[in-house]
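> Quick note: the sequence shown, position 336, residue 336 per full-length UniProt numbering, numbers continuous.
Please note that a few of the clues may not be correct.
To be verified - Taking CB as the label site, the calculated pair distances span:
#, residue 1, residue 2, range
1, Y188, S304, 47 to 53 Å
2, Y27, D226, 21 to 27 Å
3, T248, A322, 29 to 35 Å
4, N31, S308, 29 to 35 Å
5, S137, S325, 44 to 50 Å
6, G323, V249, 22 to 28 Å
7, S308, S285, 24 to 30 Å
8, G37, I290, 47 to 53 Å
9, S209, T39, 31 to 37 Å
10, T248, I12, 33 to 39 Å
11, S89, G310, 21 to 27 Å
12, G323, S209, 46 to 52 Å
Hints listed in this document are in silico derivations from the structure and should not be mistaken for laboratory results.
A quick note: this is a predicted structure, and the numbers were derived from the prediction, not measured.
Here a beta-carbon is modelled for each residue, glycine too, at the ideal position from N, C-alpha and C.
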Amino acid sequence: TATTPTSTSSIIVSASWSFDNTTADLYGVYNGQLVNGATYSTVATNQPYLGDGRALYVLSLSNQSFLVATPFLNLSYTSFTVEAWILISGSSAVDRGVFGQCQCSTCANQCFYLVVRANYLYMGFTFNDLSGIVALSASTWYHIAFVYNYQAQEQILYVNGVQDSIKLNAQPYQGTNGTIQIGSAQVYLTTTYFNGYIDNLQVVTRAKSATEILYDASLIAYYSFDLPYPNNDNGPNGLNGTSANTATVIGRVNQAMRFTGSSSYFQAYGFYQIVYGVNTNGPFSISLWINPSVMITCAFVQVSTTQSGGTCTNLLGIYSAAGVSGQIIAQAQSSATIFGPYVTA
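Please construct the entire structure, taking both the sequences and the accompanying hints into account.
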């Protein structure tokens, strides 16, 4: 497990399940098992949600889930954060369990559950609950998070990095044993099961800030192009790329990647939100430093619909008529081209 001493000498415990065709915890401690035939999403090359990995796939009708029986992950009398990406298959009026841990299902504050209830997030410690107000649609990926702040005694739900609802003066979770449930949760006397996909679920025994939650939900990738691993993604999703015929040089911030011609490129895979935004006018943003060595008309950021190519859309580029200076241009699939400021070599 990952443990980090805090300023008060307490220990921060982390667990993370990528579900990339594995039941292992990233840190090798809280390894689990698939129950009742639970499986993973199929491998695809047409932009699955998070990179070229996979997700946990569970069917509620078959009571499928993922369980970690040992060791015990202690969330009692402490701050903690639970985050995950979820996609609900179909709508339902019954609870759909995302995460849970339960010592006594009828005892106050001894059973923790995070569920989707009638298309809204809902959590509780038993007789100490909080309901979300943001409606969740079926067949749509959402980043969800729950934060309990022990010092402030706050329960907070987030959807896509934005606070959904909050409860003040909330007593802490007090369960001192219990199996970790993912894709299911014990709510009073009923075990509820999720129906759909769960990906990149993480638990940490500290209260993440609103800024951290927004970062995890909205930053898809960050490429610093710094040594020693210039192709690596420094963001939360690990969308590492590949490059060819490039060089590492002094950059605007630390190092930069230099492209020397038409055979030079950097590419990475798995940008669901950007493709979604390009094709359906959804929101997204791209920012980077550039230092052109010559002025020619070119695209320097483009997106394609599949891992091996497909339909390509130029997002950012330079238009140069005379070859002395150029103008930044931006466009998307169905939007008008935007001409920005002039740049020089």
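> Are the hints correct? Go through all of them and say.
Checked hints:
no., hint, result
1, Y188 x S304: 47 to 53 Å, "holds (49 Å)"
2, Y27 x D226: 21 to 27 Å, "holds (25 Å)"
3, T248 x A322: 29 to 35 Å, "holds (32 Å)"
4, N31 x S308: 29 to 35 Å, "holds (34 Å)"
5, S137 x S325: 44 to 50 Å, "holds (46 Å)"
6, G323 x V249: 22 to 28 Å, "holds (23 Å)"
7, S308 x S285: 24 to 30 Å, "holds (26 Å)"
8, G37 x I290: 47 to 53 Å, "holds (50 Å)"
9, S209 x T39: 31 to 37 Å, "holds (35 Å)"
10, T248 x I12: 33 to 39 Å, "holds (34 Å)"
11, S89 x G310: 21 to 27 Å, "holds (26 Å)"
12, G323 x S209: 46 to 52 Å, "holds (48 Å)"
In the structure shown, no violation is registered for any of the earlier numbered hints.
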